[in-house]
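J.: Going down the list, the sequences are from chains S and F.
To convert, note that position 253 of the first sequence is 253 in the numbering used here; the numbers rise steadily by one, no gaps.
To convert, note that position 109 of the second sequence is 109 in the numbering used here; the numbers rise steadily by one, no gaps.
Careful: at least some of the hints might be erroneous.
Restraint ranges, calculated between C-beta atoms of paired labels, are given here [stated by the list, open to error]:
hint, chain 1, residue 1, chain 2, residue 2, range
1, S, 205, F, 213, 41 to 49 Å
2, S, 16, F, 195, 26 to 34 Å
3, S, 180, F, 137, 51 to 59 Å
4, F, 56, S, 230, 36 to 44 Å
The set of hints was computed from the structure by calculation and includes no laboratory data.
Built from N, CA and C at the ideal position, the CB exists for glycine as well.
Protein chains: 2
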Amino acid sequence: MSKRPLILVTNDDGITAPGLRKLIQVMNEIGDVVVVAPDSPQSAMGHAITINSILNCTPIKIDEGPQTEYACSGTPADCVKLGVHEILKQKPDLCVSGINHGSNSSINVIYSGTMSAAVEAGIEGIPAIGFSLLDYQWKANFDAVADYVKQISLSALSNGIPEGVILNVNFPKLPKKEIKGIKICRQAKAYWIEKFDKRVNPLGKEYYWLTGEFINEDRGEDTDEWALKNGYISIVPVHYDLTAHHAIQQLNTWDF
Amino acid sequence: MSKRPLILVTNDDGITAPGLRKLIQVMNEIGDVVVVAPDSPQSAMGHAITINSILNCTPIKIDEGPQTEYACSGTPADCVKLGVHEILKQKPDLCVSGINHGSNSSINVIYSGTMSAAVEAGIEGIPAIGFSLLDYQWKANFDAVADYVKQISLSALSNGIPEGVILNVNFPKLPKKEIKGIKICRQAKAYWIEKFDKRVNPLGKEYYWLTGEFINEDRGEDTDEWALKNGYISIVPVHYDLTAHHAIQQLNTWDF
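With the rest of the complex left out, here is chain S:
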């Protein structure tokens, strides 16, 4: 690529999140950066889009750097749509989302606003990567993974991500020197067992908080969960053809 690549940056933790600020810093080293990120936290928004309400999108300056930034009132997927069609008015060379505060491995990819932003870009034919660090804290240490974020992004730009594929990158919560390397993985077959914390509000009405426990019974050593537990960075190639092709033949035997 002769000219500097144009890079669209977004996330789901909101435009002030330290994970996003680190991602912007790294991308500034690689290309020309435009940020369109939610003006408030949008975790677990999945692939929600805003169709029954309006969207605001306002230029903003959060910290120093050559990037251009916009805060958007919508979901992560909205940010990508607005970013591409209204702000850039062209497809960027790369869209990166994150760095998420917390894991988007295994089944979490389904609920993830971070990954939905990346998938939205993928649907639009833009090479896209979602980055997540297995540390939910606002003060998580993103320095340890900055070099890997750069390396993976440069590899994606030079190799080209396969068509219809988006990269789901998760980093273990480890000091840099303890990270063993990168593994290409499949999504582990893990799930959440939900529990609801039932409480009573000041007016005497019951309400619920969703909580849960993450269960991984997948013993495969080719999964993202295995890689992360064993000190590796996991990269799962994700696609948006949800067809369970293997089931088509079986369903054709049904007598409707």
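Fit chain F to the supplied structure of chain S, relying on the hints for placement.
T.: Same frame as chain S, now just chain F:
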């Protein structure tokens, strides 16, 4: 199945939507019905779940019938989690979602609250089906498809849906006698070209409405779009393993 099946019913258009009311009627003929549906429209919510706020879930009676009903303040996926873990406190024999007012074929499955509710049930190991009618109107004619909804649900109960698979059923907007039958399909490779309608609010600030045009360049005759255009009901088996398995080998050639 010797006893009447226990059926969890939900949707994304909200608990008063005519499509849901029809689905409840049909399910009452098949089994014991518990409804946990959003208390307001939740279209295009994708697989969003509520983790940063509380959930309300209130018993309600919308119309006549033996069903038990609850209105929930959350997303469609929240409704399923609450329905299974707090209301039923057991896995139902079937979870049905819909009947959606509007298409969830092709790439729309990604944005669909209707399908995310069904997928959430699938993740929990519950046989699940999402139903959608290609008519966005509130007064859409769901009578034309009621018999098919029953037939497909009974087939699913008797055959058993393959593990890890959820059925995405879309009905063409046709009189019953013009519907040619049922096709098992793959998700068409179609997409939306977004357009944003830029307006100015009463205070002089710009805002946006998302609009767009649906483009199908997939010429395959095994797709849901083809089936629906040609007068068939489409059933796409959907799964939640988003891994693009075919891309793993290629990514392993990258030199990180």
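J.: All hints are to be evaluated individually against the structure, with a verdict given for each.
T.: Now for the hints, and whether the structure bears them out:
{"no.": "1", "hint": "S:205 to F:213: 41 to 49 Å", "in the structure": "holds, 44 Å"}
{"no.": "2", "hint": "S:16 to F:195: 26 to 34 Å", "in the structure": "holds, 30 Å"}
{"no.": "3", "hint": "S:180 to F:137: 51 to 59 Å", "in the structure": "holds, 57 Å"}
{"no.": "4", "hint": "F:56 to S:230: 36 to 44 Å", "in the structure": "holds, 42 Å"}
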